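Chains as they are written, first to last, in the UniProt record's numbering: chain A, 1 to 120; chain B, 1 to 735.
Accuracy of the hints is not assured; some may be wrong.
[As the list claims (entries may be wrong)] No farther apart than 30 Å at their CA atoms in a straight line, the calculated lysine-lysine pairs in the DSS-like style are these:
#1 A:K89 with A:K22
#2 B:K10 with A:K110
#3 A:K89 with B:K440
For the record, the hints were derived by calculation from the structure and aren't laboratory data. Since the model is a prediction, treat every value here as computed from it, not as a measurement.
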Amino acid sequence: MKTVLTVDDSRTMRDMLMMALKDAGYHVIQAEDGVHGLETLKAHGADVVITDINMPRMDGFGFIEGMRADPDYRGTPVLVLTTESDAAKKQRARDAGATGWIVKPFDPVKLVDAVRRVAA
Amino acid sequence: MTEDPFEAIKATFFQECEELLADLEAGLLALENGEGDDETINAVFRAVHSVKGGAGAFGMEALVRFAHVFETLMDELRAGRKPCDDATIKTLLRASDVLNDHVAAARGAGAPVDEARSAGLVAELEALTHGDAAPAASAAAPEADEDEFGFKPVQFDPMDLAPAAAPATSGGGDWRIVFQPNAALYAKANDAGLLLRELSRLGEATVEIDASGVPMLDVLEPEEGCLSWTIRLPGAVDEAAIREVFEFVDGDCDLAILRDEAEAPPVEFVAAPVAAPAPDLDITALLAAAQAQVQAPAEPAAPAPEPAPVIAAPAAEAKAPPAAPETAANAPVAQAPVTIRVDLDRVDRLINLVGELVIQQAVLAQRVSETAMIRATGVGQGLEDLELLTREIQDSVMAIRAQPVKSVFQRMPRLVREVAQMTGKQVRLVTEGEATEVDKTVVERLAEPITHMLRNAIDHGLEKPDKRVAAGKSAEGQVRLAALHRSGRIVIEISDDGAGINRERVLGIAVEKGLVEPDTQLSDEQIDNLIFMPGFSTAETISDVSGRGVGMDVVKRSIQSLGGRISITSKPGEGSTFTMSLPLTLAVLDGMVVSSAEQTLVAPLAAIVESLTPRAEDIHLVGGHTPVIRFRDEFVPLVDVAATLGFGIGPEPASTGVALIVEAEGGAKAALLVDAIQGQRQVVIKSLETNYQAIDGVAAATILGDGRVALILDIDALVSNTRRSVRKPDLKLAS
């Protein structure tokens, strides 16, 4: 079973991601912000990571950069959650090393599809 | 939790909204007090953003629209494009109130949103967002296109550009896709293999690999994409589906999607759509990237380049904001308290069980002492240890239910703003001791009296700005709301720096309403406390604010029903302070265990002023039949508890019994006549309504060490019943 780490400060979002991903057969672990995300990743590892951008302590950009700076997670795919048409944020996330993106509010089918596309 | 998971998430959302809205308000108040910084603005932004995000997921459109306008202004503020001045913060505070209303409306709780007010704030927020210009867009405007850096990125859609770069004829020939990843593709953990896998899901694919680009091993640059692929797919496959496969790698690869019979350009690649000039890339960053590429540690060369050291990351680092990821990660971060969420039912069950444990422990102790088991056996010591342990368990379990009063306090700023607006007064609310903890049930029941007292403080306590200025005070009045622990109870203080109580007027009104005799000599303190008498109201006109026919007497009663007390101190010209003290929990009670007509009863210790043995000469009959007793120069009714509750007759004559002087509603005192006092003890409260039925004069029940049920007296009811001389029908106590 593949493990997906979701990083989002909103419990609602985390729960929604959890519901969609669990139904699709993924094991889901959660973190509340970038710092917690990096800690969780180090402690448990993950096959795919989904992260929000706006978060306290460390935002999504910092989190992705942190991942990419770590040889262990340089190759782990990361999907960012962005709002529709926010081209600048999407670009910034890609510059930080994001593999792909999911547009909020997300459709569970598209979410799972995006995860499948980047998961080895 | 077997409910619909979607509904469960929705419930989570609303719960989260409460927290977010509280954070939002706390942040705005901090900004208002000049205590905020950039992170405060960021936190406020995030709160609104999260509310909007969740609301979007549930299709709550009105909420999303309002949150969006709010968020857009916050985005301007956090980018520093608009000043976060006092007027703006005031507007934001009012906007947070309306956001609250929108959330409540979406939840189906609370009244529908005041559309006019909401629209008015939307206009105000937009005016602030767009400077002085008239609000341009409607609330339904889509996401603002401006990014955080203040310029408009060119809207770029690969779908529009790509066909121009790789013209696909409309013929039905097979697709030929030529794909060569760049290093950037691997740097983002995309994987050419996965893309090929995705393509093969679309239809029967044939894949050719072109390894001709792989250089000799000694010059091989592992970060570079050296391989390219040509994939053929049946013509029936939808082009959009093919492009979607490459959605995430757009700009990170050379890509040509061609129809076979089309005039394919010579093998050279059509430049793949170049992403809109990345806003953050500059020459320095590119140089840094190039440098990094050169210096990157070589990884074992694989036939297909594996995810390789990154070029994008150093590029990003070069322009990374001061809070670079590593620093942020390594910086000592305030560790958030580790918490778990537990269903309240479970906690309550645990509390109940511990209550039983406490009772059983008492039963056991009593049995042991009855069988006169010798101390030498060690049983006695064991029991004592058990008792200590039980107490500790009880305290710990109670602590689980303890909650900071913050949840109540944070509702008050809005109330204060609204009351201030209604009364035309300027008010600053200062709160202290928000972290003070008290049992959840107490917290919940604190809101009403606090609300009422704050209203009262602003409406009656504070003067209008002009009067204040005339009195040499600042135009803005201050109301202070504080919580603290004092001798095992929680104390809530509400003070204002207003005019203080006008004793002359209070006394005048009390006399006029027949509450006191005209020639009564009262101390200042007694006069101040007249305002707690039923039916007393000092407002010159019944205002919208604290009128409503509810006086301080109601506040006092609701506090007393919680086992609390309230008092007031006041200094003319300097203000008044209301002090209420409440027990920390409603699950246990400090009680005086007494016996009356062979029954065991418990009187709440908090209500008892004094206990005494009545002397025959102090007892008098008023009107020939109502007994009163002299207590410190006043006469208080003497209540035979057994007779009042109807299960027997109390001590005859009264001087053979014990009188408990208790104070009830409105300060009315009474002397409860019982046979004897057994002792003072903490008892576990058991609801009578749940287990039997409500009985007038009885607040609850408890189980004593000998296993018998003892009723806990409802002092207020007893006293008022006596005053109305109501006799209850016979009531036999179960024993």
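Outcome of the hint check:
1. A:K89 with A:K22: 28 Å, holds
2. B:K10 with A:K110: Holds, at roughly 21 Å.
3. A:K89 with B:K440: 43 Å, violated
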